[in-house]
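Trainee: The numbering of the sequence shown is UniProt numbering, which starts it at 1 and goes up by one.
By construction, these hints were calculated from the structure, which means they are not laboratory data. Hints may be right or wrong, so weigh each one.
Claimed, not checked - In silico BS3-like links for lysine-lysine, alpha-carbon gap of 25 Å or less:
| no. | residue 1 | residue 2 |
| --- | --- | --- |
| 1 | Lys32 | Lys45 |
| 2 | Lys32 | Lys22 |
| 3 | Lys21 | Lys32 |
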Amino acid sequence: MFGLSEVAVVLIVVIAVLAAKKLPDLARSAGKSARILKAEARAMKDDETSAPTSVIQGETAPRPGAAPGATEPDGKP
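Could you put together the complete structure from these sequences and hints?
Mentor: Following this line, the structure appears as structure tokens:
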């Protein structure tokens, strides 16, 4: 009788007719979301290609505002 593609086309037409007032807002929202996602992906890629921080085994960086020679809560300097 009806195939899956015919049912899908009918559903798309019904949704388009019933939601005609909201379709421009939905399209605009989807465009904004796509731009934000693209910008975030580009920012993450730029962060990965920037100079990596070096880690020295056995040393810890002092916390900002800590007194010189202060120890950490676990007793390590």
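Trainee: Next step is simple, just say for each hint if it's right about the structure.
Mentor: Consistency of the hints with the structure:
1. A C-alpha spacing of about 20 Å is found between Lys32 and Lys45, which places the hinted pair at or below 25 Å, so the restraint holds.
2. The straight-line distance between the Cα atoms of Lys32 and Lys22 is roughly 16 Å, inside the 25 Å bound, and the hint therefore holds.
3. Straight-line distance between C-alpha atoms of Lys21 and Lys32 comes to about 19 Å, which keeps the hinted pair within the 25 Å bound.
Of the numbered hints given earlier, the model fails none.
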